[in-house]
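Listed here are the chains, written in short residue letters.
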Amino acid sequence: MKSKGSIAIAVSVAGVVVAPILANFFALFGIVAADPALLYGGFAKRVAWNPLDGFPTIDPTIGFGNQALGTYLARELAHGRVPWWNPFEGAGFPLGESIGIAVFFPFSLLYGLPNGVAIDRCVLEILAGIGTWLVLRELRVGALGATVGGIAFALNGSFCWIGGDVGNVAPFLPFLILGIERLRRAASGGWAITAVALGLSLLAGFPESAYLNGLLALAWTIVRFIQSSTRRTFASALITSAIAGILVGTPPLVAFVDFLSVAYAGGHLDGGLAHVVIGRAGIVQVFLPYIWGPISANYAQRDLWGGVGGYAGTGLAVLALVSLFGSTERRLRVVLFSWIVVTLAATFGVPLVHDAVLAVPLIKFTAFFRYFPTSWEFALAILAAFAINDLQAIDVRESLRRFGISIGAVSITIAIALLAVPVALDPDPQAITRVWLFGALKFATIVTIGLAIAATLEHRKLRAFVVAAMVVFEISQNYAVPQRAYPKSGELDLTPIAYLRAHLGFSRFYTLGPIAPNYGTYYGIASINHNDLPVPNAWVDYIHEHLDRYADPVSFVGYALAAAPGTSSRAEALNENLVGFEDAAVRFVVTPPDQNPFATFSTVKVGAGPASVTELNRTRTITLQSRQSFVAAPLEAIEIFQGNDDRAADGRLDVRICDAHGTCAVGSRPLADSTDNSFFHIDMQRAVRLQPPALTITFTNHASTHRESLWTYPAAIGSRAVLRVNGIEIPEKTLRVRYQFSAERTQTKRVYHDPVLAIYELPHPQPYFDAPGCRLRTSERTTIELDCARETTLRRRELLMPGWNADIDGTPVAIAPFHGAFQEVRVPAGRSKVHFRFVPPKIAYGLVAFALGIIAVLLSLVIERRRTRSS
Amino acid sequence: MSEERSIPLLQRYGLVVVLIGFYAILTALQRGPAIAVAPQHTSAPQALAREMVDATPIVHDPQQLWAIDAATREDGTIAAGADASRMLHVRRMQSITIQGWALDARAAKLASGVAARVDGARRIAGTYGNPRPDVARFFHTPAYEASGFRLVVPAGSLAPGRHTVELLVLSADRSRFYALPRPLTLEVR
Numbered sequence: 055m056k057s058k059g060s061i062a063i064a065v066s067v068a069g070v071v072v073a074p075i076l077a078n079f080f081a082l083f084g085i086v087a088a089d090p091a092l093l094y095g096g097f098a099k100r101v102a103w104n105p106l107d108g109f110p111t112i113d114p115t116i117g118f119g120n121q122a123l124g125t126y127l128a129r130e131l132a133h134g135r136v137p138w139w140n141p142f143e144g145a146g147f148p149l150g151e152s153i154g155i156a157v158f159f160p161f162s163l164l165y166g167l168p169n170g171v172a173i174d175r176c177v178l179e180i181l182a183g184i185g186t187w188l189v190l191r192e193l194r195v196g197a198l199g200a201t202v203g204g205i206a207f208a209l210n211g212s213f214c215w216i217g218g219d220v221g222n223v224a225p226f227l228p229f230l231i232l233g234i235e236r237l238r239r240a241a242s243g244g245w246a247i248t249a250v251a252l253g254l255s256l257l258a259g260f261p262e263s264a265y266l267n268g269l270l271a272l273a274w275t276i277v278r279f280i281q282s283s284t285r286r287t288f289a290s291a292l293i294t295s296a297i298a299g300i301l302v303g304t305p306p307l308v309a310f311v312d313f314l315s316v317a318y319a320g321g322h323l324d325g326g327l328a329h330v331v332i333g334r335a336g337i338v339q340v341f342l343p344y345i346w347g348p349i350s351a352n353y354a355q356r357d358l359w360g361g362v363g364g365y366a367g368t369g370l371a372v373l374a375l376v377s378l379f380g381s382t383e384r385r386l387r388v389v390l391f392s393w394i395v396v397t398l399a400a401t402f403g404v405p406l407v408h409d410a411v412l413a414v415p416l417i418k419f420t421a422f423f424r425y426f427p428t429s430w431e432f433a434l435a436i437l438a439a440f441a442i443n444d445l446q447a448i449d450v451r452e453s454l455r456r457f458g459i460s461i462g463a464v465s466i467t468i469a470i471a472l473l474a475v476p477v478a479l480d481p482d483p484q485a486i487t488r489v490w491l492f493g494a495l496k497f498a499t500i501v502t503i504g505l506a507i508a509a510t511l512e513h514r515k516l517r518a519f520v521v522a523a524m525v526v527f528e529i530s531q532n533y534a535v536p537q538r539a540y541p542k543s544g545e546l547d548l549t550p551i552a553y554l555r556a557h558l559g560f561s562r563f564y565t566l567g568p569i570a571p572n573y574g575t576y577y578g579i580a581s582i583n584h585n586d587l588p589v590p591n592a593w594v595d596y597i598h599e600h601l602d603r604y605a606d607p608v609s610f611v612g613y614a615l616a617a618a619p620g621t622s623s624r625a626e627a628l629n630e631n632l633v634g635f636e637d638a639a640v641r642f643v644v645t646p647p648d649q650n651p652f653a654t655f656s657t658v659k660v661g662a663g664p665a666s667v668t669e670l671n672r673t674r675t676i677t678l679q680s681r682q683s684f685v686a687a688p689l690e691a692i693e694i695f696q697g698n699d700d701r702a703a704d705g706r707l708d709v710r711i712c713d714a715h716g717t718c719a720v721g722s723r724p725l726a727d728s729t730d731n732s733f734f735h736i737d738m739q740r741a742v743r744l745q746p747p748a749l750t751i752t753f754t755n756h757a758s759t760h761r762e763s764l765w766t767y768p769a770a771i772g773s774r775a776v777l778r779v780n781g782i783e784i785p786e787k788t789l790r791v792r793y794q795f796s797a798e799r800t801q802t803k804r805v806y807h808d809p810v811l812a813i814y815e816l817p818h819p820q821p822y823f824d825a826p827g828c829r830l831r832t833s834e835r836t837t838i839e840l841d842c843a844r845e846t847t848l849r850r851r852e853l854l855m856p857g858w859n860a861d862i863d864g865t866p867v868a869i870a871p872f873h874g875a876f877q878e879v880r881v882p883a884g885r886s887k888v889h890f891r892f893v894p895p896k897i898a899y900g901l902v903a904f905a906l907g908i909i910a911v912l913l914s915l916v917i918e919r920r921r922t923r924s925s
Numbered sequence: 013m014s015e016e017r018s019i020p021l022l023q024r025y026g027l028v029v030v031l032i033g034f035y036a037i038l039t040a041l042q043r044g045p046a047i048a049v050a051p052q053h054t055s056a057p058q059a060l061a062r063e064m065v066d067a068t069p070i071v072h073d074p075q076q077l078w079a080i081d082a083a084t085r086e087d088g089t090i091a092a093g094a095d096a097s098r099m100l101h102v103r104r105m106q107s108i109t110i111q112g113w114a115l116d117a118r119a120a121k122l123a124s125g126v127a128a129r130v131d132g133a134r135r136i137a138g139t140y141g142n143p144r145p146d147v148a149r150f151f152h153t154p155a156y157e158a159s160g161f162r163l164v165v166p167a168g169s170l171a172p173g174r175h176t177v178e179l180l181v182l183s184a185d186r187s188r189f190y191a192l193p194r195p196l197t198l199e200v201r
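Top to bottom, those sequences are chains A and B. Residue numbering for the first sequence follows my numbering, starting at 55 and increasing by one per position. Residue numbering for the second sequence follows my numbering, starting at 13 and increasing by one per position.
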């Protein structure tokens, strides 16, 4: 018969394992549509949104990074290939050197599974929970406390809001601490656990987060070193195991550091991140995570969501304070609490503390404000577990004292922080803020009332259990909010993907939105766009010189907001640099369904002054006469700025445009396709060549039951525009109308169109391989057979970077750059076979280090086993 | 009678009562009136008067809504796109133009103008009211169409070295400038 204790342990472990499965249940088992591609791919259709506003994550990297690139990585690894290079992103990207792409990280393989992103997250959360549970048991915390601590870290704010790269690293913080604890006691496995945990933190592919977590481990180590009676033994074991761990984690570090020397790293290397502090609204959010609404639902707080990285919640904060009254592990408790206070103070820019934290080596190159939370969430989980453990040993008087002071302190902190945020004092025009502001405050109050009632209970075990239940309840609710933002259902529009697969060959496509980067990689179709960091300098230069000089170097995504006056939009840059795109082997351009980037437009001029709306219903016709100058090309569409009464308008909007000679073009579109207060695109039934300059455009609202409104503006001086409603002239008013004329001059043609996207084909795309005077035969991007009449140059439109090598029939040959970015080699007359290969330049050192580290870990286990046997 | 039972009721349940009272107050406050945003009007881009730029007090407010789209050098080359928070490099005799959009978020209205403060002292007036239909579309508020701004830091006005440029957004009621967080850093060579 099992003892009560072992049953409690079994239940405790089961709780830690089951909690993440339950928390992710809907996403794991397809009850919601948790595929990030639906949210971030830009090619979803029939998406049924949940009523909750907002997003399931604060970081779309989970889509374009972890899912898109991670799946490619997993697929390649599963086929026994190490994908150092990704030919489907930009003009080729060094995959194994990018942040967040963990070639050597075993959990990367999970991305290859169906629903791999959700499975990966759940597995890592379970691992994080188990690691924390083991640490707490090592610290002699009882089963109840260890369960709460395990669940608290398994479902922490960083997993909940970011996951992805940060989630890859997080589970190894508790295991690193476990190793340190076991080394301190000279217990079995400590050396190997420390080395493997450190190694995996580094192999997880996000050194920024690994470093910040490592700082907490360092603080923990210092406490233990001071307390240790065998300091020399402890220190030597720790140092050697740390060296072994770093050796294990060396390959991505070597590749990454090498890459940085030829790459643009955004704000990371110029110290720009050091100036970032999170606003006061973020302090409240630490305790009340959704006080400003669900993730990114409230645009007024968009900066906040861009900077934060996790939360504590009210219950854990109270318990962290309660833990300070405990008598065991006093130093450790104080250090962990101090860690929380100091890292938060640095995040919120508290003078002196902020500067002191930035003085720590390398911190100023990290987004510490976003990635510190994992470490302070771990500290919170440990302190909460201590507090629950303590509750089982104190009387009710002491319980009331501890909870009274702690709840009071947390409440005052929240109140002061809240009063310092202007939006909390002013009635906010955005209703969403008001609902969530009060909702979050009331929820936190309910949790606190639960804790306060628990504090009054005399039965010690019951008291601890109720406190634990309240805290786990709060954790589960906070975790559930983003989960509810997943769509109920949705589909990916795979027909255009199939079209591109069938027609692209080795060429590339450029997107102005749909099939967002890096989903080309996900499907194995080459997209010249990228959304990645770091970015090879050669590629950034090529983009700015040949493709789009105003493009963002990190997010070459095609759908950036309209450019500032005087600069080009992405579509304008495409038109200005069409030859540059064709030179980079771009054959197709993917656009939103209503956007023809090659068309020319003529816009009705609008004057300054107030705008208003004119209702358009079944009984009304609105007519605008204007004088337009436009190119001699057929009119293919118009766009009218309209409001649909917050999506209420139904029926169709009909439009008829006639020139002075009576030639007319007509179009019609269901108003269900319109967006409120936006341009509404209506294709003509057929493109018609109209004669400038006089045009008469007539709008009618057909078969509607709800109102549609057209925005009216003052007519521009001298525009001679005449606006009429049911034939009655409205003086000096006009509509905001754009006429779209076909793109005959560019010779581009639309080759695919559906309600999600359109695909245009460029007239003169350059081939991926090109060798004048040669016959070429190839079936892959890295090998080509040539039959040349004379010696010539083989051009390969793949980004040239250190690490690329080529050979002709086995003889190494130098690769030269052309256009500053691509590759070319001289090839002899006659038949030859050229092979290209990419390996990160110094990766051999990393692999040797990795092997040494693994050998050291295995040796440590063998030695330990022998010692155990002999003793 | 045990020691625990001797705890006075107020001491034992006082905190619970206070918290329940707080919950009741929250419920009452939540029923307050919602505020509607009045429509506003667009106008032609305007530069602020020199006197106003120099005399208006500055307050810090991270809640304001704004974005920098690009900073361009005099020769048209881009110094920074959306990532304008990084260091901007400019030669001594080049001017730099900063463009973006801004609103007075506290008033939920268009701002009244935009200026810049260089190195915490000298102020430069910008033009405000440039067309930004994308901003209007995003906020579903047509009046925000005139939220674009343009600021020129003149050539030769800065000595070689590093300088900070803070963006100042004039409140809708023209009573104060909001200094926006994350000043730009300019390195003049």
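To be clear, the hints were calculated from the coordinates, so they are not data collected in a lab. Be aware that one or more of the hints could be misleading.
[As the list claims (entries may be wrong)] Here are the computed distance ranges between Cβ atoms for each label pair: (1) A:ALA474 x B:PRO166: 36 to 42 Å; (2) B:GLN42 x A:SER530: 23 to 29 Å; (3) A:ASP730 x B:LEU22: 43 to 49 Å; (4) A:SER530 x B:LEU22: 49 to 55 Å; (5) B:PRO166 x A:HIS329: 22 to 28 Å; (6) A:GLY462 x B:GLN42: 38 to 44 Å; (7) A:ALA102 x B:THR39: 30 to 36 Å; (8) A:GLY360 x B:ALA119: 20 to 26 Å; (9) B:GLY132 x A:GLY458: 54 to 60 Å; (10) A:ASN671 x B:HIS101: 18 to 24 Å.
Yeah, the Cβ is synthetic: ideal placement off N, Cα and C, and Gly gets one too.
Exercise for the section: May I ask which of the numbered hints given earlier this structure violates, with the numbers listed in increasing order? Expected result: Going through the list in order, the structure violates hints 3, 4, 6, 9 and 10 and respects the others.
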